[in-house]
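Line by line, the protein sequences are chains A and B. Residue numbers in the first sequence follow my numbering, run continuously in steps of one, and reach 288 at the last position. Residue numbers in the second sequence follow my numbering, run continuously in steps of one, and reach 1277 at the last position.
Calculated directly from the structure, the hints in this document are not laboratory data. Where hints are given, some of them may not hold.
Unchecked claim - Derived CB-CB ranges, DEER-like: (1) B:S1125 - A:E256: 50 to 60 Å; (2) A:K196 - B:K1062: 47 to 57 Å; (3) A:K281 - B:R1178: 53 to 63 Å; (4) B:K1259 - A:D68: 26 to 36 Å; (5) A:D202 - B:N1160: 35 to 45 Å.
As the list claims (entries may be wrong) - Chain A regions said to be covered by chain B (calculated; three or more residues, Cβ under 8 Å): (6) 63-71; (7) 261-275.
Only a predicted model underlies this, so the values are computations on that prediction, with no experimental measurement involved. All residues carry an ideal CB built from backbone N, CA and C; glycine is no exception.
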Amino acid sequence: MQNKVVKINEACQTIQNGETVAIGGLTIHRKPMSFIHELIRSGKKELHLLTLGGSIDVDLLIAAGSIDRIDAAYVGLEILGFAPNFRKAVEGRVIEFNEHTEYSIMAGLEANLIEAEFIPSKLLIGTDILKSLNYKTFRSPITDDLLVAYPRICPDVAIIHVQRCDEYGNCQINGINAIDLLLAKSSRRVIVTTEKILPTEDFMSVPSSTNLPSTFVDTVVESPFGAHPTSCFPHYTYDLWHLLHYMESSKKGKTENYIKQHITDLDSFEGYLNLVKDDVKRVTVREP
Amino acid sequence: MRNFTSDEIMITCMSREIRNGDIAIQGLTTPMAIISYYLAKATHAPQTTIMQLAGNILTYAKAPPQISLLFNEFEAMRRAVHIGTQTEVYEVIFKRLESIVEFFRPAQIDMFGNTNNSWIGSDISKLRLPGGFGISDVAALYPRTFYYCPRHEKRVFVENVDHIGGLGFRTKGEFDQRRDIHIISELGVFEIEHESRRMRLSSIHPGIKIENIKENTSFEILTAEKTQQTSPPTELELQLIREKIDPLNIRRLEYLSGKTRENALLNILDKELSLTI
């Protein structure tokens, strides 16, 4: 096992324009927000984004002009409503949105994992979702049943925020898991941002809690509060006030101002945390 | 005057669809769904298994818990007996198809039970919705598919959906196996009739007239000669909803929009913050 700890800007430099980037977490839960900020700050372009359920992560990258394609089963701010820049960019055909379902993403990643061209399944037959995805159907060579070929999905890099890991990338993900383990296994490279880096000895007493082992992880970045304004159980819950503020600023067509003030005018995510320290305090449950 | 609100009779109807021993899955943001699961467990279906946070978190509770807006995940984790993955949720679904209950909220539903959460209009340029998440995966798979529509309006109950996500019935085909689709709205309970493949009124909520349903539906709903009335919520059901499960009235957010909704939301958040952290 080798030490994989680097600074966030070093980790970000490994990402090339045009790569397919898979984002972990789900909607407003455990999104790698510090890394999203870094992608924007470093001016990445033409990224293809893949996420099971996106929210402010996707919306910010769209507003910053960092992505030209998004594959997801849902992009919205849950109880708060629509993701404003996502909606505008898709309606205006500024970006391409492939609406997936949970299964179409999982099957595509699973196919990649086992190095299959596709996974056959009956799911989605008869729906317009299948037509929009433009997936092919075929007759089973065994039963002659109609099947869908779910083609492999091959992310270049997965970005996953976790509660704790060691310097080798042995991670304990807590709370909602979504498809993060599958993302890690099926992406070519894996960058983990973590609330805290702990000694490996801490993991040896509870090995069954290590649900993402270092064998799947390439890079580790320490990033306390790195998921704000999304949640990171049990440290802090999602910051619905901040998310409302974000939506409000987008409504006025001023996401550019939000990005400037919260991301590009600042040197680092620590600068952002300092700027929104009262917001962070409000949603912090336990000191990490 | 009714002594209950639209959300309360809807939650009661949703709860009564759950059979003792069923596995109830909560998807994304659906407060009324989780309230109905807790209600079922506290009344007629104590053996209900509940999977929260898109099904990831298997929870256990003897007494009905109070739902939370700000601490949804924390609330579930307090009672977690197992944390799964999204892949595992589908493994449970495939294995236990007959027992799964999941309430979906469609943006549009048509007379044949097809639903849409993708976009409204002839193409994506008018109103791009967040997406259906897992609805289209499982709508045609479940032997019993459940939808709830807090707003029974013409733009929700449409003749044909603009884009089929959750598959109902329309054309004959080999994917058209026999299955049940139930719809619960603020006005009544509906199902898709097997013979005609069309939406039929099963029962009308107390205080609602058949004209109310006709005026707010874009197609003709089939009705029986004598329409059944929905049994109103019992005193116990109302007390559980109002005092135990959702005293902050989070369920009401499913009906509100715009500034009214935002204010109600902030009000709930402030209350939760003062109570918990």
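Three residues or more, CB to CB closer than 8 Å: is that satisfied between the stretch 261-275 of chain A and chain B? Our answer is that it is violated, as 0 residues pass the Cβ test (under 8 Å) against chain B, missing three.
Look at the Cβ atoms of S1125 of chain B and E256 of chain A and judge whether their distance stays inside 50 to 60 Å. 23 Å, violated
So does K281 of chain A sit 53 to 63 Å from R1178 of chain B, Cβ to Cβ? 56 Å, holds
Would you say the C-beta atoms of K196 of chain A and K1062 of chain B sit inside 47 to 57 Å of each other? 34 Å, violated
Starting from the hint 26 to 36 Å, judge whether the C-beta atoms of K1259 of chain B and D68 of chain A obey it. Since the Cβ atoms of K1259 of chain B and D68 of chain A sit about 34 Å apart, the hinted range of 26 to 36 Å holds.
Count the residues of the stretch 63-71 of chain A with a beta-carbon closer than 8 Å to any beta-carbon of chain B: does the count reach three? violated (count 0)
In this structure, is the beta-carbon distance linking D202 of chain A and N1160 of chain B contained in 35 to 45 Å? 58 Å, violated
Comparing the model with each earlier hint shows violations of hints 1, 2, 5, 6 and 7; every other hint is respected.
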